[in-house]
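For this one, chain B is given, so just place chains S and R on it according to the hints.
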Amino acid sequence: MSLTIEKLAAAVGGNLSGDGSIEIFRVANLETAQTGEISFFEKSEFAEAAQKTNATCLIVPENFDRQLPCSSIGVKNPKLAFAQIAELLHQRKRKIGISENALIAKSSKIGQQVFISAFASIGENSEIGDRTQIFEGAKIGENVKIGADCIIFPNVVVYENVSVGKNVMIHAGAIIGADGFGFVRGEEAYVKFPQIGTVVIEDDVEIGANSCVDRAAFGETRISKGTKIDNLVQIAHNVQIGERVVIAAQTGISGSTIIESDCVIGGQVGMGDHARVLSGAIIGSQAGVLPGKIVRAGVWWGTPIQPLDEYKRQNAHVKGIARLKEELKELKKQIETLKNETEPI
Amino acid sequence: MSLTIEKLAAAVGGNLSGDGSIEIFRVANLETAQTGEISFFEKSEFAEAAQKTNATCLIVPENFDRQLPCSSIGVKNPKLAFAQIAELLHQRKRKIGISENALIAKSSKIGQQVFISAFASIGENSEIGDRTQIFEGAKIGENVKIGADCIIFPNVVVYENVSVGKNVMIHAGAIIGADGFGFVRGEEAYVKFPQIGTVVIEDDVEIGANSCVDRAAFGETRISKGTKIDNLVQIAHNVQIGERVVIAAQTGISGSTIIESDCVIGGQVGMGDHARVLSGAIIGSQAGVLPGKIVRAGVWWGTPIQPLDEYKRQNAHVKGIARLKEELKELKKQIETLKNETEPI
Amino acid sequence: MSLTIEKLAAAVGGNLSGDGSIEIFRVANLETAQTGEISFFEKSEFAEAAQKTNATCLIVPENFDRQLPCSSIGVKNPKLAFAQIAELLHQRKRKIGISENALIAKSSKIGQQVFISAFASIGENSEIGDRTQIFEGAKIGENVKIGADCIIFPNVVVYENVSVGKNVMIHAGAIIGADGFGFVRGEEAYVKFPQIGTVVIEDDVEIGANSCVDRAAFGETRISKGTKIDNLVQIAHNVQIGERVVIAAQTGISGSTIIESDCVIGGQVGMGDHARVLSGAIIGSQAGVLPGKIVRAGVWWGTPIQPLDEYKRQNAHVKGIARLKEELKELKKQIETLKNETEPI
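Residue numbers (the working numbering), protein chains in the order written: chain B, 899 to 1243; chain S, 899 to 1243; chain R, 899 to 1243.
If you're looking for bench data, these hints aren't it; they were derived computationally from the structure. Please note that a few of the clues may not be correct.
[What the hints assert, rightly or not] For the chain S half of the interface with chain B, some residues (derived, Cβ under 10 Å), not all of them: (1) Arg924; (2) Lys1043; (3) Leu1130; (4) Gly1200.
Fair warning: this is a prediction, and the values are worked out from it, not measured in the lab. C-beta atoms are modelled at their ideal positions from N, C-alpha and C, and glycine is treated no differently.
Chain B extracted, bound-state conformation (with noise of 0.2 Å):
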């Protein structure tokens, strides 16, 4: 695949310089692209490598106006820029057909051009998407729908009744619908409560690898348009996830709780039940949201968490507490020497 560097410029909206009827082939790193590489740069302490580059064609800054040894793409965001590129020049290859050595259930509905590899299985009255591949060992329940255009990789399993949108990414191993966490004490053991809701995921949304969604006791679990989700998260029953949230990896959020949209959560944090993360909240790695707590727009961290100035604060006034114990010694000292002066001879 390969694309002129005019094309390119006019599918990101973008200025040319230099010559644009030069192809190139592939995204690269400003320190490593060659010739037929195109690159970006955001900083203007970039500027010098950038003039030192090897690559065939560069993605800077609206205002840049130094001189570069090659093309350049103007735009206002270079890594928006550079990433659209990315997607145009680097498609995943798209594969089709089924194989024989699948399983698909015959009430199933399959759409145009769907691949479906070995060792996969569809059940009972699902439904797959045009264009949707389905790798190896990937195992959809019955009663699911899945939307056109997605990826569900290697031994991802999706139980039954789970409803997965358009253009959907699911990596390997991610499991999507298994039972909530919910028990009741009874005198002798624990009873399961029912956990006989779904699970929703809207279009665009991607999950990583070995992730867990789990399906809501009553009524669904919910991950919203454009929502993005690294590996090894884990998403109990009943969350609802609002549109263009991202959570990185580890971060573990408990029934109940709902998160805005335009949401930005670290990695290892831990959410309480029923919390509520309000559109713009940033929370920082491994915090701490508590059951129930309302977290507003603005940068939190911690455990409990905290506004990220608060706990700085916080940070250094524990850091001066051996100060304070000198402090106070030397006022000790100085009270007892004030005693002895003042003291009736």
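For chains S and R alone, coordinates are given in the frame of chain B:
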């Protein structure tokens, strides 16, 4: 599946009020329950909502005496009765039959009315109990024993020599019996410490999706009767977990640690090795238990864990440091003043 | 499998005491070892237990001079010798043969004496080294190279273009080479930042069950020779891990972080991106390393990490705040008294 209110009341030993002959088809939330459905409430704050319910039957606290628009079943523990009724009304569809696409070693012993689905494999000399269901792609190693009435979800892996009791549920992607993590540092490389023990999972245990239970170095890693483990949990070699223990998602338990019966462990808790959690301990999410620590009954929190009360008090103290500093400053001033006043003229 | 004590002593270069002609069949714990078994101890506190052992042979510290009821092998590092002997006595049963239920691309190159089990798949142009064993349901993508003498356990997934060295063990459910987690925020949606690099796993590495190693954005994610990684660990894109690094369960390492050789990382540790852990660092469980942080050799703890000593001192300080408060109160009183005394009458 449906049952009359009368039969449901009898099943949970409750007091029937109103028409007992109506059929109930489903359990539901108090807010959303409709005709043909049964719901429950526990706390008096829900009494008003209950009086407006559209449900056909409600499970209520036994001393509840207000008028309801539907039949009711009075019990001591409504949530428990609700869960028990859900189990009656929503029995998981039981599958029977052995797929021609499964690979079953000839030396294995397969019980009556077993389900083994496509792309599942059963190793040499393994035993599968009556009515046990083994879903797509589950891999059962050699010399494994699985009791009756178990559900092994898709893509579970059980390594060789592991023993699983009756009525055990293992969710998709869980790995039982991988090598424990033990190495001895040699001069130029690590050498594996032997991991030749096994795993024993007792009756009525549930293990969540993508959780891992490692085999013992020697002897066994044991998960006792009725214990419930959430998703993405790590249980290291030689860990001993008692009966009716609940462990939430993403918690990790290091080697040889013992958790006695009837403990509740939150999510993302980390436990060092050779710790001992005594019966009745409740450990809050994200807590850290140091190696060798003995944790008594009660509620614990933080890293390293402290009794919850202490943890709260200490947190309050930390928040008070800024004020301490201010007070100290003020005292300094006062002392300076005093010094000046008492100075010999 | 059995070997004489004499041969075992020779294999570990130890000093034989007692009858060397007896056959040993198994390694075992000091407390439980029986006839035909060999055990070990390192510390003098176990000397009494050793003198009561039922083992047929004990591995002892080289300066140990007490009488034992069995043969013994004296060595400098008894635990290491024990592990080495365990490797001799308990060789994993090696399997050979290619299942007719495996799916192997015609363009792939399969070595000598390879084992490929049922429902495993090998993609186009991939290479599998001699004596490597690929268990049930493992999915090897296209253009993957796996060296000789590897064990790939059931349901492992290796994405395309990944390279695995010799004598590597990857436990069940681990995912190697899924997309790194990188997105660029556009006006209305996130766009995937290209993840077109690869993963290189060097010789003698072990990777735990359900762990994830992501492919690089560009270039490679690398895990160097002899490194051992536990279960449910997350290794992000472009991470570089040196030789003989040990990483315990549930730890997460963010993008482009470098861990130099001979580090030891506890469980549930979180590392931000672009951090650098220098050779010889030891990081305690649940610690948090901030992005960009350089961690020197030594023992570290806490979030953000501090040298262990500092962490302990600070913890003690925090516990002392209550007393500080008391002392401050007392000083206030004394100052009041002083004021009254010095007040002009």
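Hints versus structure:
Interface restraint check for Arg924 of chain S: the shortest CB-CB distance to chain B comes to about 8 Å, inside 10 Å, so the restraint holds. Annotation: interface hint on Lys1043 of chain S violated; nearest CB of chain B at approximately 22 Å, more than 10 Å. At about 5 Å, the closest approach between the beta carbon of Leu1130 of chain S and any beta carbon in chain B falls short of 10 Å, and the interface hint on this residue holds. For Gly1200 of chain S, the suggested interface contact is upheld, since its CB lies about 8 Å from the closest CB of chain B, less than 10 Å.
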